[in-house]
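Could you build all of it, start to finish, from the sequences and the hints given here?
Each chain, written out:
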Amino acid sequence: MIHIALAGGALLIFIGIWGMLTKKNIIRIIIGFSLFDTGLHVVLVGLGYLKNRTAPIVDADLPAKAASSQSVDPVPQAIVLTAIVIGLAVTSVLLVFALKLYQSKNTLDINKLRDNTND
Amino acid sequence: MINPIYIVAIGLGTAFSLGLLRKLGKEFSFWVTIFALGAMAFISGHWLSAFLSHQITSTVITTAGGKAPFVIVFNMGMTEALFSFMVTMGAVFSGFYLHDRLIESGPSAMAVLLAGTMGLNGIILTGDIFNLFVFMEISAIATAGLVLLVSDFKALQAGFKFMLASGIISGLLLLGIIFLYNSTGTLNISELHSKAGVILKSGGVATYLITIALLLELKPFPANGWGVDLYEGAPSGVSAFIASSSATAAFFVFLKVLPLGGDISLRIAAAAGISTFVFSNLMALSYKNTSRLLGYSSIGQLGLLVGIAGLSKHLGDKTLMIILTLLGTHYLAKAGLFWLSGIVKNPNTDEWRSLRKSPVLFAFFGVFIFALLGFPPFPSFFGKWELIMGLVATKMYWWAGAILLGTMFEGIYLFRWFSRALKLQNNDTATPAVTIYSILPVVFFGFFLFYAGYYTSTFVPALRVMCLAPLLFILLLGLLDFLPAFLKNIISLAGVTAYIVYLWPHIQGNTFKIVFAGIFLGGAILALIAGFYRRGKHMGFYPMTMLMFLGLGILVDASNLLELFYGWELMTIGSYFLLIRGERSLPHGLSYLLFSLGGSLAMLFGFALAHASSGSVDLSALNHIRIMPALAYSLMLAGFMTKTASLGLHIWLPGAHGEAVADIHFMASAILLKAGVFGIILVLGGMGNTQPYAQKILFVLGWIGALTALIGNIGAAFQESAKYLLAWSSIGQLGYIVFGLASMTHLGWLAAYGYTITHFLYKGILFLLIGGVAFRVGTADMYKMGGLIKRMPFSFFAVLIAIITLAGIPPLVGFTGKWLVYNMILSKHLFYQGVVIIISGVIAFLYLFRLIHVIFLGQLKDRNRKVKEVYVWLLIPAYLMLTAIFALSMFPDMMLARLGRMLTPSFPEGALVWDGFTASSRYGTFNLQIIMAVIGATFAAVFLWLVFANRKAQKVKQFNIFYSGEAPSRPELTHYGYNFFAHYRKAVGFMATPLVTRFWDQLSQGLHGLSSYGRAIYTGNAQSYLYHIVAFVVVVYLLSAGGIS
Amino acid sequence: MLKKLFALILIGGLGLIFFQLYNQRSRREGLTKTASYYTEKGPAETRSANIVTSVVVTYRGLDTLGEVTILFAAASIIGFFLKRSEKGSKDKTIRNQSSELLQTGSMLLVPLIFLLGIYVFVNGHLSPGGGFQGGAIIASGTVLAFLANPSFEGGRTLIHILESLSGMFYVGIGVAGIFLAAGFLDNRIFPTGNVGSFISAGAIPVIYSIIGLKVGAELSAILYSLRDTKEQQ
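Line by line, the protein sequences give chains A, B and C. Position 112 of the first sequence, counting from 1, maps to 112 under this note's numbering, and the rest follow consecutively. Position 879 of the second sequence, counting from 1, maps to 879 under this note's numbering, and the rest follow consecutively. Position 84 of the third sequence, counting from 1, maps to 84 under this note's numbering, and the rest follow consecutively.
Simulated from the structure, these hints should not be mistaken for lab results. Computed from a predicted model, the values in this text were never measured in an experiment. Just so you know, even glycine gets a beta-carbon here, dropped at the ideal spot from N, CA and C. Incorrect hints may appear among the rest.
[Unchecked claim] Covered stretches of chain A, going by a simulated chain B footprint (3 or more residues, C-beta under 8 Å): (1) 3-10; (2) 15-25; (3) 57-70.
[Said to hold, decoys possible] Pairs of lysine-lysine, DSS-like flavour, derived with a Cα cap of 27 Å: (4) C:Lys3 to A:Lys24; (5) A:Lys112 to C:Lys3; (6) A:Lys105 to C:Lys4; (7) B:Lys201 to A:Lys51; (8) A:Lys105 to B:Lys154; (9) B:Lys154 to B:Lys345; (10) B:Lys790 to B:Lys537; (11) C:Lys83 to B:Lys23.
Here it is, written out as structure tokens:
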């Protein structure tokens, strides 16, 4: 399980970086970033997984006393929750930038979206 | 104590509530924001003051009622309090500065500023590494938001690049964090620090990712294009915030996490940091956009700090002091400069000339620039000193050298910017729009820079209070600058007198110091007496004059190398501002400043070697340096020779001095150059002449002296301007002095001292009076003068005596020096050099003859028919010096015998033997009184004969002449003084062509060429910048893979 | 082409780093020390059945406050950025009306979606889910409302008030923890009740509700800002 999660996460990260480094369209670059971010989240959760264990929620199936021996690590789960929201915020701001860049230059090509006024 | 959590609570609570306060108006929201920021600053400030007064120790504040390491904690220690205070104060003032833009964008923008500041505080305070990530993201997103306070394309694309870059960087950080958690089982930073063993075993790569991500946040070369563009694109108030507050926080967290990675991280930091410092400053050379320059400079400074952190093992317990002084200076100065750039508006460096229209702001511009480059009295001066001392003491020569090189690069573009802004004419520019919101932060940070310098110096035991007192006096003068010149002149005279009274007990009995104190401070009095001729206010003159003179005073008074360097740098600043006052001084003033900077950096390295081999900074450390002595002494000599304008380092002088007005020319030539002599004497005294390396250095130095004398005199002969002539002549005279000193003999030193004193006197007369003449006539071009003897008899007489002395013609005291030098040449068998010296002596006759002949003799020009005698205020000091020349000529033993007694302990051999007024050396005797009597009698006889023989001569009217059939095409051709030595120029002019100038020009072009290669990196393409970031991570990993466990 | 090759090489390099990372990871059989503490003491200390929630809202509550701040900052930036550059173009873009089906359906669904969102965040301490999930569901309701009626204007003021008030309450509850309990964001300012019951875990459900409202409001505010952007031809 963990290997699949980690490998899948890494693959997503690589695809994301590939997109960020090679795509011309800034929307695609942002999608690349999103994939990169998602890959990270998969790796995060995957790393906290322990074999044959359950979600860290105390209920009928998981009495409080057995929690530490039968649940997976709650820390990466808490962390990934935060990371997802941060990623969401960053992506939304990036998209608004893309929108504005498009409005000012009428192109989404990253090679044309630079400032050439330097002396 | 107030719980630091309230910093977060106040910041966020206010940010959230701004939405509800909309109804009350934007101004109200603005003030609520400023007030909240102020309250946050107050919290960290009151912790800081408690720490400083040692009332408390570091505390850990837990949240959520749990216990560490299981809950997020805040750490509050001295450094945390300081950094948090700095960050928040930066936000307060930047927010204040951004008033107009914040009002325009509304409460949401203010909320973003608050949230960002809160985030930066969180970065500093938090003790949890994932929480750190969260706070970093808050400040990153807030930064991107603040960039958008302006809505031009530049800001837009800068913000976009920044978001992308920081997205990828924080992704790597997150990856590192989770794997570190996986291997150590904790996120608490203190606990991580205690788990070094575990990290070493299974957390190496994770730690590497964290370290490299935090390093990338600090924009290391070359993966920093997005950073430079951010500085350039952001509105200036926001750039100020990024450069001061954000950078401070980012650096702090880097410091906090760096030790996790062990030695390999330190090495990465050192290499990446220092190369960033050198290359960012190199890159900056080819740009003229101020925001971009400041961006490179900021990145460079942070790189330097990262490098210092990486070298912390070598710097030991001084590390923190060095970091705080450099960071503090960068923080204050860079914020100030970015704020100023918003006031100037136009991003071109040259447009800063418009800032001169508000002199107070311009003064602060200067303060910020000099502070950034580590000049006293600012904190960075002490930091730079300790840094170089520490590195050299631990044999980190290359690192120290690279840092000095980077500083030099930084100096080139900052000084170029500053001096162009200072001198370019600005009639056509608009007056900068200054509001209370833009000016207050600048003024506050500017003054605080001084206070910070003072505060730092109280921690430096080597610096005595008397080195600071003069600065207070200068500050007073600066505040009184609105007074008329003569009042300020009187105050300055009082100040110099007071300093002499203070200094006298310290130098009593030390002939060496008395000689130089006499030249420096006695010269100051004479120069100030001459200063009474000035009318009006003469703004800015007196503080800078006093800065130079009191710097020279400190130089003489210095009891250790630090004080020496301190005085030297103060004198450099003051003299620069004097030299640049001339009309066309722009390029010369700049090259003076750059040579001075280079010289003082070389000196600093030399001092550091001296300190490293003796373990102390006392002046005695200069004696017998053991570590790389040849390099150490050469560097120090080169440093001091920038001021004596010796061959190769002389190109700044003719222009800088030639453009100066009378009394400034006097100060610069007769007095200032001697500071270099003072230093050379100190160095040579320490070096001695016994070691083989010393003999080689002395041999080279001797030749430099001789050739300088030759080149200086040749140069003088070809000048049309009397001032340039005198300036070149000074180069030559200083060449004699260096030659004499390099001989390391009794006679040579005696001659050098003699020249030092007499050059001061006769050049003093010449500078004051020729300057005065030029002022009256309205030009310094000699062919426009002539016949002035009738209008200015007093000047003529004094100038005549002065040039007789200069030429070394008997009977006046100048002859003594020449006699001594020739004796020395004979005794040391320096025949080749001797020939050069003698030739240059002959050339001196040529130009001196021309000087007196062309100006005072011959025909009076029509337009000069009404000129008046030179100002009496210039004549008074000139005649005082004339009296001194006569006194010394009549009683040469008064000076020479005393100097001889001083030199005998160091050079027992070959001393003069005195018998009454007769001195004898191995090669003969010499009695100036007899010579004077003989010459006087001869002169009287010839004079009487001429009067008798010419009794029937007929007086011819001035215009009773003809041109011998020649048709002069230009008016100056009718003057025989024009191109006086054309025939000599044909013969030996090639020697005067500025080969040296060409060398420096090409060096400069080469540097700029190298710098413009940088544009291949900084393409402005966001995607390339992402490449750089990823490549940086991979390449650094591969380079250090062996070290990462 | 060369650029792509370089990208490939760089990704290969990153792959090497990741592989080392993977090799170095510690292959744990049990929980880390920190995780053991949360699972052993968490339910007892916070009385929250959902241990992740106790970590998110209490032990690492500062993170959560931080992420709310990030959302808030993003919404603010998008708000002032889009609004300011839209100045001067007062003319409302005429948008096409949606189909009757969508309009009618949304009238039924939007309140239900809101209700679901509220259900998710008030139960965050008991079951999977919580403030962020609930808030996101609420925002999806807003999306539906926009889709159904592109010039939908309702609730704009409410959103801004909720945005501010919920944030202030969040900080206020955090500060109350300093006075009434053992520290900032301590959840024991209210009676903690029994693990598993609806009224339990002290301030956690309150905070999660606030977060839910805040996240819903922030995301809706972003949607409003984006909706108001003038279309360009």
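Outcome of the hint check:
1. Note: the stretch 3-10 of chain A has 0 residues with beta-carbon separation from chain B under 8 Å; the three-residue rule is not met and the coverage is violated.
2. Judged by the Cβ-Cβ criterion of 8 Å, the stretch 15-25 of chain A is covered by chain B as claimed, because 3 of its residues qualify and three suffice.
3. Under the rule that three or more residues need a Cβ within less than 8 Å of chain B, the assignment of the stretch 57-70 of chain A is violated, with 0 such residues.
4. With a C-alpha separation of about 12 Å, the suggested pair C:Lys3 and A:Lys24 falls inside the 27 Å cut-off, and the hint holds.
5. The suggested pairing of A:Lys112 with C:Lys3 holds, with an alpha-carbon distance near 17 Å, which does not exceed 27 Å.
6. Between the alpha carbons of A:Lys105 and C:Lys4 the distance comes to roughly 26 Å, so the proposed pair stays at or under 27 Å and holds.
7. A C-alpha spacing of about 24 Å is found between B:Lys201 and A:Lys51, which places the hinted pair at or below 27 Å, so the restraint holds.
8. A hinted pair counts as satisfied when its Cα atoms are at most 27 Å apart, and A:Lys105 with B:Lys154 qualifies at roughly 12 Å.
9. For a cut-off of 27 Å, the pair hint linking B:Lys154 to B:Lys345 stands: about 15 Å separates their Cα positions.
10. For the given pair, B:Lys790 sits about 33 Å from B:Lys537 by alpha-carbon distance, which is inconsistent with the 27 Å threshold.
11. Between C:Lys83 and B:Lys23 the CA atoms are separated by roughly 18 Å; this keeps the pair inside 27 Å, and the hint holds.
Taken one by one, the earlier hints fail for this structure at numbers 1, 3, 10, listed in ascending order.
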